[in-house]
Every structure is written in C-alpha cells, then in structure tokens.
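Asks: Residue-level listing of the chains:
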Amino acid sequence: MADVSNVDAFVEFERVQKSYDGENLVVKDLNLTMPKGEFLTMLGPSGSGKTTCLMMLAGFETATHGDIRLDGTSINNIPPHKRGIGMVFQNYALFPHMTIAENLSFPLEVRKMGKSQREEKVKRALDMVEMGAFGGRRPAQLSGGQQQRIALARALVFEPELVLMDEPLGALDKQLREKMQFEITHLAHRLGITVVYVTHDQTEALTMSDRVAVFDDGRIQQIAPPDQLYESPENSFVAQFIGENNTLEGTVKEINNGIALVQLDGGELIDCKPVNVSKPGERTRVSIRPERVEYNKERLQEGVHTLKAEVLEFIYMGDIFRTRLRVAGNDEFVIKTRNAPDQIRLQPGQQIEIGWLPEDCRALDA
Amino acid sequence: MTDTAATGGPVLAADGTPLKKSLARALRIQKLRALALIAPLLIFVLVSFIIPIGTMLSRSVANDLVADTLPLTVVALESWDAESGELPDEPVYAAFVTDMVAAIAVKRHTRLGTRLNYEQTGMSSLFRKSGRKIKKLDPAADAPFKDTLIGINKDWGDVETWKVLKTHSVRITNGYFLNAIDMRRTPEGAQAQPEDKQILVTLFQRTLIMSLVITASCIVLGYPVAWILANLPARTANVLMILVLLPFWTSLLVRTSAWKVMLQQQGVINEVLVWVGLVADDARLVMINNQFGTIVAMTHILLPFMILPMYSVMQTIKPTYVRAAKSMGATDWTAFWRIYFPLSVPGIGAGSILVFILAIGYYITPEIVGGTKGVFISNRIAYHISSSLNWGLAAALGAILLAVVLILYWAYDKIVGIDNVKLG
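Going down the list, the sequences are from chains A and B. Note that the first sequence covers residues 1 to 366 in my numbering. Note that the second sequence covers residues 1001 to 1424 in my numbering.
The set of hints was computed from the structure by calculation and includes no laboratory data. Every residue, glycine too, gets a C-beta built ideally from N, C-alpha and C. Worth double-checking, as some hints may not be accurate.
Said to hold, decoys possible - Pulled from the structure, derived: some chain A residues nowhere near chain B, Cβ distances all over 10 angstroms: (1) 8; (2) 58; (3) 59; (4) 120; (5) 177; (6) 178; (7) 180; (8) 227; (9) 273; (10) 347.
To be verified - Which residues of chain A face chain B? A few of them, derived with a C-beta cut under 10 angstroms, are: (11) 62; (12) 66; (13) 67; (14) 97; (15) 98; (16) 101; (17) 110; (18) 111; (19) 114; (20) 151; (21) 157; (22) 316; (23) 317; (24) 320; (25) 321.
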C-alpha cells in the first residue's frame, strides 16, 4: 500500500462494510486513504463492490459499518446534496427536458447563484470541454462523446474538490474512449481536483490513474500506482486481472537469497521471486508476463533454469508477435515479442527453450 | 448500370425501366399485403363505428320529415309572410289537407306531430286529434278548407302553429343544435329558450367541470401510487399492480352499487360516523345522489386509467436523474420538482386525456349515483335516445360533446404537445 499519512488525507474509508440484505457483505472491511489531488481508480469485475463504494462516498448508499471521512469530517450522516461532490454517471444522466446550458446551470441555480454569474460559469465550463456552441441544444441531439463532455462539464461547473466518475466512458467506442481518457486526466490534473474513478476496463485504469485499487469479493486486493500493479502484483487475482499473464502451478522446494526454487507439477524446476510464499512445501501459482519471456538463447542469462516449449501458434499483430506455446503441459502459455528487424519469427511445431529473470517470475498464492 | 450524372435522364433499373417505377411496383405488392392484413379490422371499424357515428351525426341536422310529409304545404307556405301576423291564405290550407289525407293514409301524420312537438308542446295531440277528422275530408270536393280546419281545431287558426310548420320545413336544420345549447329556431332567427327550459348548457358546464374535478382527483390520488409502484422492486410492484387492476376485473355495475352501499344515509360511512359520534343521527351526511357521490364513484372507477400510463412513464425515468440532481446540490424536493416531475408529465398528460375523455361521456355511474344534481350530459342524451325519442337533439348533443373533446385534444396538443403523451 502507498504510504499516505493521515495528515493530508482528503478522502478516507475506515473499516467500511456494506450489506444490502443483512446476510452477505458486498463490501468487506474497506480501508482507503486518498490525498488531495489524486486520481484514484477503483477497478474490478462486476459485483466486486467498487460501485457500491462510490455510491457510499456520494451518499446514495449508507455504510452498514465504519466511517467515511471527507476532508477530516465524517460524512456518514450528511445527505448527498450537502456533500458538494461532483459526479459523472454511467449513462451521463443529462436531464433530457433541459437544454445543455440549463443542465449546466442547474447545480448553480440550486446554490442560488445570480443569473449573470451563472451564465459566465456555464460558458466557461462549456469552453473548457470545447462545447461552447452547443448550449442551446438538447442532450438527445448530441452524440455519445459530446454528451460525455457535457456530463463532465456539469460535474465540474460548481467547482467541487472531489469528483466521482462511474464508468463514464463505458458507452463510447474505442477511439473516442481513448481520446476522452486523455482529456479527463488532463482536465483533472489541470484543475487539481481529486477524482475517484470506477471502471472495469483495466487499460483505462492503468492509463489514467495515479493509483489503482483493484477490487474483488468486496475487498481491495491491491492498491498501487499502475506500474507497480502491473509489474509487482501481490496476489494471483491481481496478476490475472491486470494485463495478460501466464500461470504455472507447482510447489516451493527451497527459498534462498530471495529466490524461490519451484518445482512445477510436471517436475521442471524454475527460479521465482517469492511474494506470497515463505517456506518450502507450499503450493504456489507462478505468474509471468508474456513480454518478459525470452527465447533467444543469446540473450538468456547464464545459470537460470529454462523450460522446454513447443510452438503451437504464431500470430502476427503488426507491432508485436504473439506466440502460443505448450509449456509444462500448459497449452495457453503466451509470449509477446516486439516486431523488430532482428526478431526471430517462430514456426508452429518448432521446439524452443524459454527462460526469464527470476524477479519477473512471481510465486504467488495458490 | 446507368449513371444519372452521365446521361442526365432518370435513373434506370437493370432491365431498363425507370427506377422509380420499378420501386413502386415492388412496393405495391407489400402494400396490398399489408392492406389485406388490416382489412378485417378496417371493415369492422367501418361498419360498427364510422358508419353509425356518421349517420348519427347526420341526424343532428337532417330534417326531411316535414318536407316529405307535407310537400305541397311547404311550397305553399313559401309565399306566406310569417312576420305579417295574419293567417295563411286558402291555398295553404288546401295544400295542407291534400298532404294530410295522403299522410294519414300511411299513418305518417302522428310521426310529424311527434317531431313538431319537440318544438312546441301540443303539436302531437293536435295532429293526432285533427287527423281523425281530416281523414273524412275529400281534398277535391270539400273546399274551402280554412274555416273547416279552424272548426276542427282552433289551433289551425293560430299564427304560431303555422309559424312552427314553416320554420321547421327546411331539410337541413340547425334547430337541433340550437336546442342543444338552450336556443330555438324561430322565424325571427335563433332565440333563447324560455327560462324554464334552459337546462342543457348548465348540464354541459357541469359535465365539463365535474370531469375536470374527477381528472384532478385521479392525478392527486394516482401520482403517489404510480410513483411507489415504479420505484418498488419488480416482484412487489407486480403484486401491488394486481390491486390496481382488480377493479378492472369487477363489473362496473357492482363497483358503482358498492359505492351506493358505502355512501347512502343508512350506509357504511354514515353508520360509522354516527357510531363514533362525529355526526348526529338526525344530521347524517348526504353523500349520494348528488355531485359528491358521482365524483367519488367515478374517481374510483377511472383511477386505473390514470395510474397505468403514469406508472409506465415513471418506470422509464432512470433513478440516476434524481441522483445526479442531488449530487449537484438539489434537495429532495428540488430534485423531484425540477427533474422527476417534468419527466413524469407525459404520463400525467396521457392519463388525464384518457380519464377526462372517458369521464365526459360517462353514463352508468352518474345514472346510478348521480341523482338529479350529479347527472352528466350523456344521461340526457340517453334520455332523448330512449325516452323522448328526439334523436335529432341526442345527435346534436353528441356532436357537441365530440367537438368539445376534439377541441380540448387540439388545445392540449398546442400547449403540451401530443408527442409528449406516452402510454408506455
């Protein structure tokens, strides 16, 4: 976990639990601290409790147990409209019976702001998302991407310090989504707002966030900056969920100098970095990223254990080659290599030897 | 392939015929098939709905009876000046006797009497009584007739009798419509009915006002119910929906009679109030056979027609709208009034149109619980259809009712917009 001292904590979840039916916990013992200005993404499969957390923060759900604090004060008993938190909803929730300008003006009106001041702020917010010419239109007359921008502008127009976003890009096509990811991050950093972003798209989480909290089964499995999350997953769920991953199962034989010797179920021996294992005899699931696997003998480090592999399939993907191998009885072992002039193109049926650096191969929980 | 830009002519299909023509041919079969599919319904609607309404509406202006029964008299009366205050001359009387003898032979004179009795009481018996004596006259031999007729009945010597005959001898008349709005057709033009016969305009006003009150009470009672139904989990909502629909499955007559049991002076409500001591035994509330009874019973009966469209519209309002409003700082009330309510207006509109149009033409319930003060215009129409047999007036009243509904519909379209009406 990132070490954020409680002094500058802006958003805090302390031992928060949530149950809807009194029998099952949707959120189990959630602890989270966010400093001001952070862009935090809650990532996880559906039903993992991430949206529930967001709704508790927004005030639409009450925590069954625990404390949620905003800027040092507990907000458990503050109704949503007094929390001053901006929110972007999954399907934008633009009011269909109002024009774009009226939509943006609404949060200012309920704050009893004067007309001229309102108009000025609406105009500024529309310009901020480059939608200045659309004030008179109705939401239904805008494309998905345009509606998305308006929803963003509406959440920001009353200048909240905290903005929540609930899968805001889910309805957009891939290209537009990538463009909006970029725009949202830039806007958030420029305005210095704190953002809690919920998504089930891991690429989105990795590209946008300062930190990502991976949710599963009502708990945060790991909370870390994107690079740490990808390169040093703390358990096999995170390793599986973030990015592509190869898994081999085995038993720890010995642990020496921070390197674990793992005997795979087929008898082969490999070197790993022990993460969730501490003593010989433990079952483990070994995780290795496809792009960290090396098969060019000249580049393999001396003395490392290697495995025999058979090439099953070679897929040309333009920028990379994707090769499926059979390794230690696993038919789904994938390696990725950059399409470089000197790169060897493997042929199906070819027998090769593969290896990796021990620190890239992580021995996780079984 | 022929390119328009290249040739400048019309686009041609592959076989050389113009594309438009070949498209029309291709679509014609589809259209014919579609027509064949709706034909049974179309014929049914035509026979059972459009034609009856059309003939009914034409009855509101048709007035062939006088001109058909007394053809010679009508022609002879043309030269008579009704304003002169003098009786018509002998030729009119002669023509009248000739016409009457022919009419009596086929017994049409009593129908004519009934028709003219709508305009002036006494005409029916005048025609019936005179008929027996005129039958014995011979149009060829017994001239002159003026004094004979006046001798048979002195009303034939009254200018008013002839005035009525002349005024209502036109084949297309506005008389029924004038009657429907408490006026009458006279030789001097349209005039107000005598004070004691003016009841229809009041009845129209009462029908409109009470229908509005019923619609309003349906909105007030139905809105919260629809809201609860729309916001409950689907399973619970379905169970409660049965309670809303239950009245639909009960006979209208039973429901209305039930209200009679509830509301009458010896009824459930009064008995309870007396028992509790809120009302003295000799001062029981009068809640039935008046407007109150009609409004209560009809609100209850029409409520599902308000709840259902409201419910189906409210179901489509996503809860995120209200959440979004609250996240932007709106209180519960503001979020409801500025966001939820405007989005639910199409449902209110659809329900109101439905309830109002049903209410304005309602018959059974006002008939049973309305007494004299709580009846609607439709009860008057029914009276003219089945009791007084003045179908022309009934048709005119019906036509006015139809026009009122259409005008209100049009006004609603102008103000709210009909595409804002959603039934689901």
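Asks: Now tell me, hint by hint, if it's right for this structure.
Replies: Evaluated hints:
Against chain B, the non-interface label of residue 8 (chain A) holds: every CB pair exceeds 10 angstroms, the least being about 25 angstroms. Against chain B, the non-interface label of residue 58 (chain A) is violated: not every CB pair exceeds 10 angstroms, the least being about 6 angstroms. Listed as a non-interface residue, residue 59 (chain A) fails to keep its Cβ farther than 10 angstroms from every Cβ of chain B; the least gap is roughly 8 angstroms. Residue placement check: residue 120 (chain A) keeps its beta carbon more than 10 angstroms from all beta carbons of chain B (closest about 18 angstroms).
Listed as outside the interface, residue 177 (chain A) is consistent with that label: its C-beta sits roughly 20 angstroms from the nearest C-beta of chain B, beyond the 10 angstroms cut-off. Under the 10 angstroms C-beta cut-off, the non-interface status given to residue 178 (chain A) relative to chain B holds; the minimum distance is some 25 angstroms. For residue 180 (chain A), the condition that its CB be more than 10 angstroms from all CB atoms of chain B holds, with the nearest at approximately 19 angstroms. The Cβ of residue 227 (chain A) lies farther than 10 angstroms from every Cβ of chain B, with a closest approach of about 32 angstroms, so its non-interface assignment holds.
The Cβ of residue 273 (chain A) sits about 44 angstroms from the closest Cβ of chain B, beyond the 10 angstroms cut-off, so the non-interface label holds. Every CB of chain B lies more than 10 angstroms from the CB of residue 347 (chain A), the least distance being 47 angstroms, so the non-interface label holds. Residue-level restraint check for residue 62 (chain A) is violated (minimum Cβ-Cβ distance to chain B is 14 angstroms; threshold 10 angstroms). Using the Cβ-Cβ criterion of 10 angstroms, the hint placing residue 66 (chain A) at the interface with chain B is not satisfied: the shortest such distance is roughly 22 angstroms.
Taken as an interface hint, residue 67 (chain A) does not check out: its beta carbon lies about 21 angstroms from the nearest beta carbon of chain B, beyond 10 angstroms. Hint status for residue 97 (chain A): holds, given a least beta-carbon distance of 5 angstroms to chain B, under 10 angstroms. Because the smallest distance between the Cβ of residue 98 (chain A) and any Cβ of chain B comes to about 8 angstroms, under 10 angstroms, the interface hint for this residue holds. Taking 10 angstroms as the C-beta cut-off, the interface hint given for residue 101 (chain A) is violated, the closest approach to chain B being about 15 angstroms.
The beta carbon of residue 110 (chain A) comes within 5 angstroms of a beta carbon in chain B, closer than 10 angstroms, and the hint placing it at the interface holds. Checking residue 111 (chain A) against chain B: minimum C-beta separation of about 6 angstroms stays under 10 angstroms; hint holds. The criterion of a C-beta within 10 angstroms of any C-beta in chain B is not met by residue 114 (chain A), whose closest approach is roughly 16 angstroms, and the hint is violated. Contact between residue 151 (chain A) and chain B, as hinted, is supported at the beta carbon level, the nearest pair being about 9 angstroms apart and thus within 10 angstroms.
Using the Cβ-Cβ criterion of 10 angstroms, the hint placing residue 157 (chain A) at the interface with chain B is satisfied: the shortest such distance is roughly 9 angstroms. Annotation: interface hint on residue 316 (chain A) violated; nearest CB of chain B at approximately 39 angstroms, more than 10 angstroms. A hinted interface residue such as residue 317 (chain A) counts as satisfied when its beta carbon comes closer than 10 angstroms to some beta carbon of chain B; here the least separation is about 39 angstroms, so the hint is violated. With 10 angstroms as the threshold, the beta carbon of residue 320 (chain A) stays out of range of chain B, its nearest partner Cβ sitting at about 40 angstroms, so the hint is violated.
Below 10 angstroms, beta-carbon pairs count as interface contacts, and residue 321 (chain A) has none with chain B, the closest being about 44 angstroms; its hint is therefore violated.
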